[in-house]
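Asker: Working from the sequences, and respecting the hints, build out all of it.
Protein chains: 2
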Amino acid sequence: MTARIREFLRDRHANANDHGPCLVVDLDVVRDNYQNFAKALPDTRVFYAVKANPAAEVLTLLAGLGSCFDTASVAEIEMVLAAGATADRISLGNTIKKERDVARAYALGVRLYAVDCQAEVDKIARAAPGSRVFCRILSDCVGAEWPLSRKFGCEPAMAVDVLEHAHRLGLEAYGISFHVGSQQRNPHAWDRALASAAAVFRDCGDRGMNLSMVNLGGGFPTKYLKNVPTVKAYGAAIFRALRRHFGNRIPETIIEPGRGMVGNAGVIEAEVVLVSKKSENDDVRWVYLDIGKFGGLAETMDESIRYPIRTPRDGRDAELAPCVLAGPTCDSADVLYEKVPYPLPISLEIGDKVLIEGTGAYTATYSSVAFNGFAPLQTFHI
Amino acid sequence: MTARIREFLRDRHANANDHGPCLVVDLDVVRDNYQNFAKALPDTRVFYAVKANPAAEVLTLLAGLGSCFDTASVAEIEMVLAAGATADRISLGNTIKKERDVARAYALGVRLYAVDCQAEVDKIARAAPGSRVFCRILSDCVGAEWPLSRKFGCEPAMAVDVLEHAHRLGLEAYGISFHVGSQQRNPHAWDRALASAAAVFRDCGDRGMNLSMVNLGGGFPTKYLKNVPTVKAYGAAIFRALRRHFGNRIPETIIEPGRGMVGNAGVIEAEVVLVSKKSENDDVRWVYLDIGKFGGLAETMDESIRYPIRTPRDGRDAELAPCVLAGPTCDSADVLYEKVPYPLPISLEIGDKVLIEGTGAYTATYSSVAFNGFAPLQTFHI
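Sequences listed follow chains G and P, in order. Just so we're on the same page, our numbering is the position in the first sequence counted from 1, plus 436. Just so we're on the same page, our numbering is the position in the second sequence counted from 1, plus 436.
Rather than coming from a laboratory, the hints here were simulated on the basis of the structure. Check each hint, because a few of them may be wrong.
No distinction is drawn between identical chains; accordingly, a pair holds when it is met within one copy or between any pair of copies.
What the hints assert, rightly or not - Each computed EDC-like pair below joins lysine to aspartate or glutamate, with the alpha-carbon atoms no more than 16 Å apart: (1) LYS668 x ASP479; (2) LYS789 x ASP750; (3) LYS789 x GLU739; (4) LYS659 x ASP750; (5) LYS659 x GLU707.
Answerer: Structure below.
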């Protein structure tokens, strides 16, 4: 929560017609985050993961600061170009691409692509000849709060074959990428993945390919309820791991922060629609907000991400009681926290505004178009 | 799959620029479904659950056939009115409502509201004076494929107090509602809930309130992979349960089919973007489609709903192998079926079009606005 966001919300409340939940992102915080990444990893290029928050204001700010961009689709590439970045600062980092989308990306000037299998290499060789490709390898996600499935990446041994296939088809076998899991709270998580990456570098070298780059992925956490290590701590741990596994031949590196770049810059303001019990003698109250899983808080899925919530009833003497927290739709799956109820002041009332912090990433674009007739999350970038 | 949908898709393919997944809904099937409900439960009014598919074409068709409408928000009320139904055919069935939304619904003419606690009654007494309210009671969901949480409803004993509170505030204590769980495959599931409802009727009678109506909710299934009983079987089982618990004083009844009205009317056509393995000797292939959890298939959450999928490689002699099925976004949670892999022909190839059946309900409006830059699901109602 920043003074600028607080002031913005005060003005918004003065406009009585301005109802419904909204996300407010403080661009000054995004700027600080970018500069902290740049400082903590001075030899590493920052590719902002656009999917975390593709708002034009965020992209324009980061383009101006010199950031590069990791995109998931042609639409995201177009947004980045519109924000003023050139195509040589863009990677298409999605390992799942239609060949015609690769062709469109190539036509727009993009020359850096992620792959994790030979079929994907074939598409790029045909539709984006001569481009650089990096192969994503699987890595475990111990320590991540939003661990990744095996959806992206291949086993390291297969990566060598995939890169050799690319090399044979005239592509530049450029490097390796991995992802240690989103909201990774352990700075040492990169160590094991870098050991695998170094092994792939050696195996490729044995086959006559000199890889240049390691994409360290994202995973940098934002502060929710628990404290997280500083970006500086991540930078130091990653540098030590690079030294350990690559010795004096440290490759070019890039990082892809998304949540770490914008998560803590945003606050969602929501309204308490109802506080109720299911029977007279229930211990747990149900608190219903005007935002839920389908309005932007999709990452509460399985209660993985636990956002800090501020209410106007907070205070040193506020008595708390456990609440089940739910969204406003008629979908019974639209419950945010139930397995571990959320403690909120017992004085909380219908109509109270609550602030859901750390919501600058992976919220607005997850909103459903119109489920139950509710509009997508309003956003303001200030 | 109907001949009309097949023909529509053939024409669409002829237009080479028409890419991306789409939902096609055959309105003739919706009409048949409505008429089957009307026939199976001749004394019951049908309130179509608009949230299942709020497309103007569906609403206009059903308004013309004489259906009533269960809505979740003011926006849905406005859509129904725009489709030509009058306000006396609309209920606001969401138990979680802002008071200003109740006021707007009242101004639009709506006089029938769902509640499940006294606080909600207070709002309606203030913002929609004199209206009818029905109280939702909790019921178990044994037999449902998409079981409901305790999010909506209160214990039956509390419902009597809630209705008495409404009565004292000048509202009409109109009846009881319950929901036996979505995709309920057991026609006898209504029996136990009707026993509870009858008990509330008696207790209210003892306190001088004569309830009139039982809202039997939705839950009527659509056929996915397993066969489901006919609507006629549901009608007969419900009628017997009403007789058993209400004797000769059978109340007015309404039903709220959503999935049962539109689910089997829709087919999503998607494209295979990638087929790959994670290592050379993997048993399971990964098949990536251009639609996933955030593009309309949200109900694959926890792999609850298992859609039938047709491919151009099907056939009596097609050899099948288990696949993990995933969507196109860079979100590792965007996996449709993994715990129980989906058997698909081993000859399936990149670029193949697949048909995902039974997708007329709870798909298009769940689409995210733009996650990863992907557009919301295109829809065609023919």
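Asker: Since the copies are identical, ignore which copy is meant and state whether LYS659 and GLU707 lie within 16 Å (CA to CA) inside a copy, between copies, both or neither.
Answerer: Cα proximity of LYS659 and GLU707: none, with 23 Å in one copy and 38 Å across.
Asker: Since the copies are identical, ignore which copy is meant and state whether LYS789 and GLU739 lie within 16 Å (CA to CA) inside a copy, between copies, both or neither.
Answerer: Intra 22 Å, inter 35 Å, cutoff 16 Å: neither.
Asker: Within a copy, between copies, both or neither: which one fits LYS659 and ASP750 at a CA-CA cutoff of 16 Å?
Answerer: For LYS659 and ASP750, neither the intra-copy (19 Å) nor the inter-copy (49 Å) Cα distance is at most 16 Å.
Asker: For the identical chains here, do LYS668 and ASP479 meet the 16 Å Cα criterion within one copy, between copies, both, or neither?
Answerer: within (13 Å within a copy, 70 Å between copies)
Asker: Can you give me the call for LYS789 and ASP750, within, between, both or neither, at a CA distance of at most 16 Å?
Answerer: within (12 Å within a copy, 54 Å between copies)
Checked against the numbered hints given earlier, this structure breaks hints 3, 4, 5; the rest are met.
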